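K.L.:
Here the protein sequences come in this chain order: A and B.
Each residue of the first sequence is one higher than the one before, counting from 1 in my numbering.
Each residue of the second sequence is one higher than the one before, counting from 1 in my numbering.
Worth double-checking, as some hints may not be accurate.
The list treats identical chains as one, so a pair stands whether inside a single copy or across any two.
For lysine to aspartate or glutamate, the following EDC-like pairs were computed, each having C-alpha atoms within a straight-line distance of at most 20 Å [to be verified]:
hint: 1; residue 1: K354; residue 2: E423
hint: 2; residue 1: K526; residue 2: D27
hint: 3; residue 1: K262; residue 2: D158
hint: 4; residue 1: K344; residue 2: D158
hint: 5; residue 1: K511; residue 2: E254
What the hints contain is simulated information worked out from the structure, not anything from laboratory work.
Keep in mind that this is a model prediction, so the values were computed, not measured.
Listed below, chain by chain, are the residues.
Number of protein chains: 2
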Amino acid sequence: MVERTTYAGLVNESYLNQKVTLFGWVDRRRDLGKLIFIDLRDREGIVQLAFNEDRSKEAFSIAKEVRNEYVIKVVGEVVKRAEGQENHDIKSGNVEVNVEEATILNTSEPLPFEIRDDADVNEDLLLKYRYLELRRPSMQRGLRLRSTITRAVREFYDNNGFLDIETPDLAKSTPEGARDYLVPSRVSKGHFYALPQSPQQYKQLLMGGGFDRYYQIARCFRDEDLRGDRQPEFTQIDVETTFLSQHDIMDLTEGMLKNVMKKALNKDIETPFPRISWQESMDRFGTDQPDARFAMEIQDVTEIIKGANIAAPAFEDSEHEILARAIVAEGAADKYSRKDIEAKEQYLERYGVKRLVWAKVEADGFSGSSAKLLTPVYKELTDRLEAKEGDIIFMVFDRFKVVSDSLGSLRVNLANELNMIPEDVYKFLWVIDWPLFEYDEGDQRWVAAHHPFTAPNEGDEHYLDEGEDPHKAHAQSYDIILNGLELGGGSIRIHNAELQEKMFRALGFTKESAYEQFGYFINALKFGFPPHGGIALGLDRFARLLAGADNIREVIAFPKNSKAIEPMTQAPAEVSEEQLKELGIKLDLDPEINE
Amino acid sequence: MVERTTYAGLVNESYLNQKVTLFGWVDRRRDLGKLIFIDLRDREGIVQLAFNEDRSKEAFSIAKEVRNEYVIKVVGEVVKRAEGQENHDIKSGNVEVNVEEATILNTSEPLPFEIRDDADVNEDLLLKYRYLELRRPSMQRGLRLRSTITRAVREFYDNNGFLDIETPDLAKSTPEGARDYLVPSRVSKGHFYALPQSPQQYKQLLMGGGFDRYYQIARCFRDEDLRGDRQPEFTQIDVETTFLSQHDIMDLTEGMLKNVMKKALNKDIETPFPRISWQESMDRFGTDQPDARFAMEIQDVTEIIKGANIAAPAFEDSEHEILARAIVAEGAADKYSRKDIEAKEQYLERYGVKRLVWAKVEADGFSGSSAKLLTPVYKELTDRLEAKEGDIIFMVFDRFKVVSDSLGSLRVNLANELNMIPEDVYKFLWVIDWPLFEYDEGDQRWVAAHHPFTAPNEGDEHYLDEGEDPHKAHAQSYDIILNGLELGGGSIRIHNAELQEKMFRALGFTKESAYEQFGYFINALKFGFPPHGGIALGLDRFARLLAGADNIREVIAFPKNSKAIEPMTQAPAEVSEEQLKELGIKLDLDPEINE
């Protein structure tokens, strides 16, 4: 028989004049002499307890004794608060509990920090006492929201014929992609498992196994340097299907997202989401993760600028096509001084911008640093851009990548400063029709834009033939973007062994090296492997966005710090010689650095 | 627009005279000259396709070309099968599809083995081509059932206020318990994460964090030698709650199991389940995992045997109390020869049995090897045991452990041989009130019967005080048993730092060594930690039992073999020197053994 009548935070007028049994934490205690008030807290919120010596001497003496974060059980009657004493900030604010019996279930030492969202505490201290930080309202909210999201995701897939199938965490290391976490094998000494960066191969093999519709909320691992949105282990909503087109898969994903938005935030979102090509996304937003909550899109004015033969030197580049593109900051003229804009120019240097061309629009001409340059095209420019008095026109004349990166970044920067981004709005969209390959400037080689199992567009397969240029191929892949951040992506996969071999060749593998690493998989495609495709979405980031949290730590129960350490348990830790010996490994530390 | 009308296996009379589009695998092909029949298979089953040259030359030529496991798409009309041609073994057996269009989506090389449950194939070959084995009906059934179970588990907890919260996989190594899988850290060289053997500490800390009700379907890892029911990674249904008694938690668990049995097998099971003490379980069934599907319980006859002063030498043991206990195999007299029974005696030697005392019951006396010994107590014995003509009485005179182990094992062995175990019956029960400690005969030391966080029974706490005998304490712990196998177990936990310290002391820790390993956790108990408790159930075994499968591999998509190797991907594998160098480790292999 469960003793608790309800959660403290859920006590309300429906319990009036009833006797209730409550459990929770002492959140705050006010001693008024003959009367003591205690705010009793649990995961649902707070209720006010009133202790009165006349009502119960024993309970009153308990109330005298307790301190913050003591755990108590109380029995008492729910009564209306005196008029004027209501607290409209909490759900239980119209009532209080006249306590008749009280028991201390556990005491608490003074806390290292307060259980308040706004207490300013060093991050490692918070993580060391994570169980205390978890009592904060924001953490309670964040993890509950995440649980609701997870449930809504599962509900959708469960109700649409998807099977929840688990794939291994002790998997095979693949040199492609990010760095693996390795797990030494004790049985096969000298051999290592790798923790999966994603269940990509396994989920495809499940399609080969005939399961048709798979989903899993899957733990994944990447041993990369940490950033704000990145943890060594992360969770993805992982989906794979057979016999569907990319648009079918996008439709299904929209259904799932619609269900999540409804269940998690009670928001009705419209489907289908816009589906724009990668090229269009770059042209309009300067990025493949466009924030569509506001306009201020990039516009091409190459014809006008080039035609007027102004700024001719900028167009003298034999190697690249040079573009002139612009964004118009509406009504921003009086908000930015010349100095402000020069600071922006400096900021944009990181994208390779040599000169930020800009002008404030006046009734009959331009003002600002490029006014003179642009005056000859005043009418054409303002007409084309629909720019009017009081706007600022920002332009970059450069090759595609520089123009896109810089104006894309400037667009978001200006929108933030000009408060153009509406709050509490969720704009989903798809970016489709990606290039199959992209050039990795760091490694100086072509890599798969998504991964090596992505199918080229129908009709683009021939680009992978010997003698053709594979980098012209586009892919049946699609990224889902929410408010300017990539939530995830997917693709139709290659299901044909021959095409898969060609794909590896285009990525620089020899037939031998491809088979050495992926032979089991290429061979699988030879045994009646069905056409298939899927998607993966990052759950941590999605939950963070819906929680409106700045940091992913607010939706992860026990995160690591920026050094991949968990300050609470002090993992990772040293282990015994004996443990290593059993695994057939020993330490190999650089004595100068590590000891 | 999803092209498929429905799954092949779901085509039935409701589609009569309709045109359908189907996708699937060629399961079987019969070429009758002018007519070709193909069994088209997908995850829902099989439908018969009929190809006729007159109907479509193109489709017919495709039907000529395809071989087993080709993937095809067909469009055709659903028609009734000719009378007498129905196949009652399949859901679609009353209809067939007259194919008008057919497309080959992928071909297949000849398979290494057949897609039939009864094909006799070497296990490693099956695992190497696991994606093909997964196409077998038994594997499709097993993984679908598991998905249904998982869903029913979640449904119950979601609807009862539990939050699904993820805990880390990169955790801290603890020398207690089984061997950890280790993960070297690249950032903190010389330090290692451990993959969790269970989320035990984390889920308790979530209770400290105020989440009240937690569940997770959690991946766990143990680097132990593998047995039939054991994989290096396994999955448990993991639950923790605050402010509940052990019986509350058992009630909740029963609610979950009831939901699973209904949703997975459409079985209504009765709750509450029997809750018997560990002592009663040992006395009645000789084991702490009793199979209650059949009776033949162990009965104590010490008084009778000892009182009659027969078999006196067996009772001469100064160190242990000697018991005489019996089981009665009803109507088994003519099924077991003296030789059969001698074989059993030999088998029971492993439990320390020196002599199996047995007798067949005749109308007016005993026959068999111990007849003479037992004749003086014929009436008392047969009365007490309710044994009648044609039964066999088996007895062991020895100390508690030997009597229990041997008769417990014999009981199950006889029940199997005598077909006493009903099929398709699911008997759940709880074993409660366990000893807090048990003696580990291997390590020759007292260990926690469950784990070091288990709370003693109310009133038994004082046994942990200095100077008292902690091994007299019983625990607030409970195991859930299904058909003679432990599904899982749980306990009320210690929530008081002082008691937790005493517990570690009883386990042989010094205060220093306890804090060194578990300090963060003991300290957490000092900050208003609530009373709490939970349970964990093994999902793999549970799914195996409900699937009626002999091997756990039938409910795991990509299992490892008995050497912890995945033959398909060949994980674990060798990795590069460079990878190890980055992790600050190197191989340390015994050259004679490993190279």
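K.L.:
All hints are to be evaluated individually against the structure, with a verdict given for each.
P.N.:
For each hint, the structure was consulted:
no.	hint	verdict
1	K354 <-> E423	neither (34 Å within a copy, 80 Å between copies)
2	K526 <-> D27	between (64 Å within a copy, 16 Å between copies)
3	K262 <-> D158	both (17 Å within a copy, 17 Å between copies)
4	K344 <-> D158	neither (49 Å within a copy, 50 Å between copies)
5	K511 <-> E254	neither (39 Å within a copy, 56 Å between copies)
Figure legend: structure checked against the earlier numbered hints; hints not met, in rising order: 1, 4, 5.
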